[in-house]
Amino acid sequence: MIGTISYLVFFATTASILAIAVLGLNLQWGNTGLFNGGVVAFFGAGAYGTLILGGTPQDGHLGGYGLFYPLALLGGMIAAGLMAWVVGLLTLRLRHDYLAIATFGVAVAFENLMRNAEWLAGGAKGVRGFERPLRDALGDGFLYNIAFFFTVLIILIAVYLFLERLVASPFGRLLRAIREDEEAAASLGKTPSRIRLTAFITGSVILGLAGGLYGTFYAFVSPQDVLPTLTFQIWAMLIVGGAGNNRGAVFGAFLIWGAWTASGWALSRFAPIEAQLYTGSMQFVLIGVVIVGMLMWRPQGLLPERLVVSQRGSKE
Amino acid sequence: MNMTLQRHLVRGIGAVFGLMVIAGAAHAQECTTKIGTVLPTSVDWGRPIAETAQFAVDQVNAAGGAAGCTIEMVLRDTQVDPKVGVDAAKALVDLEGVKVLLGAVSSGVSMPILTSVTVPGGVMQMSCCSSSTAFTNLAEEGKTEGLWFRTFATTAVQSAMGAKVAQDKGYGSVAILYKNDDWGQDMARLIAADFEAVGVAVTASVAINDGQPSYRAEVTEALGTQPDALYLALYPAEGTAAVREWISLGGTQKMILANSLKSDEFRENVGLQYLGETVGTDTASPRSESADAFRTAYVERFESEPNGPGLGNSYDATMIALLAMEAAGKDATGADIAAAVSKVTDPNGTAVTADTAGFTKAKDILAGGGTVMYQGATGNVRFDANGDVSAPAVIWAFTESGTEEVEYLSLEDVDSFIASLN
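Protein sequences appear in the order of chains A and B.
Following our numbering, the numbering of the first sequence begins with 1 at its first residue and continues without gaps.
Following our numbering, the numbering of the second sequence begins with 317 at its first residue and continues without gaps.
Don't read these hints as lab results, they were simulated from the structure.
Some clues are possibly wrong.
Facing chain A, according to a computed beta carbon distance under 10 Å, are these residues of chain B, among others [stated by the list, open to error]:
1) T394
2) P398
3) K406
4) V409
5) R560
6) E561
7) I563
8) L565
9) D662
10) P663
11) N664
12) G665
13) A667
SDA-like mimics (lysine to any residue), calculated; alpha carbons at most 20 Å apart, straight line [claimed, not checked]:
14) K459/B - K190/A
15) K350/B - K190/A
16) K646/B - K459/B
17) K350/B - P272/A
18) K659/B - T687/B
19) K570/B - Q483/B
20) K350/B - A177/A
21) K570/B - K459/B
22) K350/B - T452/B
23) K459/B - A271/A
24) K350/B - D136/A
25) K459/B - A275/A
26) K190/A - A177/A
27) K350/B - G64/A
28) K350/B - P133/A
29) K459/B - I2/A
30) K646/B - Q483/B
31) K459/B - L277/A
32) K659/B - F618/B
33) K350/B - I2/A
34) K459/B - A177/A
35) K459/B - P272/A
36) K459/B - F171/A
37) K190/A - F171/A
Note that beta-carbon positions come from the ideal geometry of N, C-alpha and C, so glycine has one too.
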C-alpha cells in the first residue's frame, strides 16, 4: 500500500512538472499561435541553469556555485528567458512551420552544444553533484518526495492561475487577436512583433521553470534529457489535452504521461513472457495510435478552447 | 555382479537426483521473488542484452531459484529516455517491491535512476553497460552508499589494450573515430592518453554522431591527417557506415576496434575482405570451464555466438546479483544483498562456473558458510570499492564464422601493462 502511494506521488511529481511545461507551450501555441518546435531547448536551459548555479563544484566544467536554491531556480528561468529573447529576436518574424523548423534547429543545436562543450556542462557525462534542497532536514525517502510533490503542485497551481488571469485580461485578448489575424491587430495600433516576443519569452521562462524542477527532482541532467523526444511528448500532451485551454494542457500532461507509464507497466505485467522483449516497441505503437486517433477524430483536444468574452457589449 | 551393483548405484543416484529436483521444484513453487530490469528493449542492441539477462534467470531457476524462491524478472523498457527509465525503475521498486535492479545501459539513464530511485530506496543497482566515469566519482564521494555495481570493465582496460595493439604492430600514428556519447568521449580521451604513453601520435580525434546518413565529412577529416592506422570506438550501425566510407575513400585497412564492434552485423556489412588487417580488443573470458560453459549454453539457446555489445556483461550482472541474493538469504534488504556481493566474488573463494551447475554448487558452499569466486562470461569479476571491475583482456580478429583470439592477457598482464602506461 505504502509502495503504491509512494509510486503515485513520484508519478504525480513528474506529471506536474511536465504539466508546467505544457502550460508554457500553451501560452505560446494555444494562445499566441507561435509554433515552438524547440521546447526542449528552453526546458534544458532551465535544468542546466539550475543545476550549474545550485550544484557543488565539479572538475572540468562550470558550476558549483552552490547558490541558495530559489535563486538557482530563478537563474535557470532567467537562462531560459535570455535564450528565448535571443532566439525570439532572430526567428519570430518567421511564420508557422518556418518558425517550427528554426526553433527545432535551436533545440538540436542546444543538445549538441551540451554534448560537446565539456568545459560548459560536462559534455555527454552531464551535470551531477547537485544536492537537493532541504535533503538534510527531510532525508532521502518518502517524506522528501511528498514534500517535493507539494512544492511542485503549488508551483503548478500558481502558474495555472497566473496564465488564467493573463488569458482573461486585455493582454490575453491581444494575444488571440494576433493569433487570428496579425494585420487586423496591427491596424488597431498594436505592435504584434513586440507582443509575440513577450509571449514567447514568458512561455519559455515557464518551460525553464519546469526544466529547473525536473533537474532538481533527478539531481542530474545530461544531454540525454534534452533529446527531441521531449518536445514531441510535450506537444502530444497539449494536442490531446486541448490547445488554448489551460485546464486541457494540465489534463493532457497527466493523461499522456499516465498512458505512457501505465502502458509500460501493464505490458510488463500482463504480456506473456515471450512477448516481454517486444513490449518497448509495442508501447511506441500504442502511443502513436492514440495520438493519430486524437488528431483524426478530435483535433481540438479533449478540453477544447473555450470562447472567452472579456467585455460584453451593453444591451440597448 | 559388479555390473548390477553399478546399475543399482546409478539408479539410486538417479532417484536421489530426481527427488532433489522434485523437492527443489516444490520448494521453489512456494514463493516467487521479483527482480527488476530496466533496459532499452525498444532499441536493436538492447533486446539481446535483456534476453541474456532472462537466460541467466532461467538457469538459476533451473537450479531451484535463489534464496529459496523462484526468480521472476520483471522487464521494463527505458526507451533510452531518462524520464521513462526512472519512472519504470520507481514502479519496479514501489509497486513490485524489487530489492535488486538490473540496468540501465545508457549512463544518462542509469545515473538519475541511481540518484533518485535506488539510493533513496535502498535498492541494489547493477548495470551491465553503463561506462561513464561519473559513477566512479559519485562512489568516491560516498553517494552510492555501496549499492552501485557495474560489470562493464572495459573503458580503461579497452583503451590500454588498444594502445598495446598499436605499439605491438608498430604503428607510428593513429586517427580516432569515437561515438559522441559519454562512453565514446571517455574512450577517446583515455585512448589518446594511452597512445601518447606508448609513443604513438594521434593525428585526429573525430566525434561520430548517431544516425547520420553519411559520415563523409568526419572520415575525410581523419583521412586528411594520413595516419598509419585507425582506431574505432563506435557501435555497429555507425561503425559500419563510417568504415565503408573510410575504405571507399582509400583509407587503410589497419584498424583497431573497441569491443562494441565485435559483432557479426559489422563484419557482414563491411565485408571480411576489408577487415584483413583489423584487430579488436575486448575484456576476456577466463581460461576456465565456465567461459566455455557460457558460450556453449548461449549457442544452444540462441543458435548464435554471444557476439554483441554487453551480452557477457549482462549475463554476469544478472548472475552475480542472484548469487548475492542467495548469499544474503531470504527477505534480505537491498543493502544486505549489496554487501553480499563480496562473498560471491571473493578471489579466495571456491571457483564456481557460470551455469546451473555452478549456481547449485555455489548454493551449497554459501549454505555452509563459505565464499565463492564467480567465474563469468567476462572473467573472474571482482569489484573494487567503487563498484567498478577490472578484467583479463583478449585481442581478436574477424574470421569467416565470427571472431578468433589473437592474444590473451591475464588480469596480471593487463594490470601491469596499465601500470606501465602511467
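Results for each hint:
1. T394: holds (8 Å)
2. P398: Constraint on P398/B satisfied, holds at 5 Å.
3. K406: Check passed: Cβ of K406/B comes within 5 Å of chain A, closer than 10 Å.
4. V409: Holds, because the Cβ-Cβ distance from V409/B to chain A comes to roughly 8 Å (cut-off 10 Å).
5. R560: This hint is violated: R560/B lies away from chain A, its Cβ roughly 24 Å from the closest one there, beyond 10 Å.
6. E561: violated (21 Å)
7. I563: violated (27 Å)
8. L565: With a closest approach of 24 Å, the L565/B hint is violated.
9. D662: Hint on D662/B: violated, closest Cβ of chain A at ~31 Å, above 10 Å.
10. P663: violated (31 Å)
11. N664: violated (35 Å)
12. G665: For G665/B, the interface hint is violated, since the closest Cβ of chain A sits about 33 Å away, which is over 10 Å.
13. A667: violated (32 Å)
14. K459/B - K190/A: violated (56 Å)
15. K350/B - K190/A: violated (63 Å)
16. K646/B - K459/B: violated (27 Å)
17. K350/B - P272/A: holds (16 Å)
18. K659/B - T687/B: holds (5 Å)
19. K570/B - Q483/B: holds (13 Å)
20. K350/B - A177/A: violated (57 Å)
21. K570/B - K459/B: violated (43 Å)
22. K350/B - T452/B: violated (28 Å)
23. K459/B - A271/A: With a Cα-Cα distance of about 36 Å, the restraint between K459/B and A271/A is violated, given a limit of 20 Å.
24. K350/B - D136/A: Violated. K350/B to D136/A sits at ~32 Å, over the 20 Å cutoff.
25. K459/B - A275/A: violated (37 Å)
26. K190/A - A177/A: holds (10 Å)
27. K350/B - G64/A: violated (40 Å)
28. K350/B - P133/A: violated (33 Å)
29. K459/B - I2/A: Violated, at roughly 25 Å.
30. K646/B - Q483/B: Outside the cut-off at roughly 51 Å; violated.
31. K459/B - L277/A: violated (32 Å)
32. K659/B - F618/B: violated (31 Å)
33. K350/B - I2/A: Distance ~18 Å between K350/B and I2/A Cα, so the pair holds.
34. K459/B - A177/A: Judged against 20 Å, a Cα distance of about 53 Å means the pair is violated.
35. K459/B - P272/A: Judged against 20 Å, a Cα distance of about 38 Å means the pair is violated.
36. K459/B - F171/A: Cα-Cα ~49 Å, so violated.
37. K190/A - F171/A: Holds. K190/A to F171/A sits at ~11 Å (cutoff 20 Å).
In terms of the numbered hints stated before, the structure departs from hints 5, 6, 7, 8, 9, 10, 11, 12, 13, 14, 15, 16, 20, 21, 22, 23, 24, 25, 27, 28, 29, 30, 31, 32, 34, 35 and 36, listed from lowest to highest.
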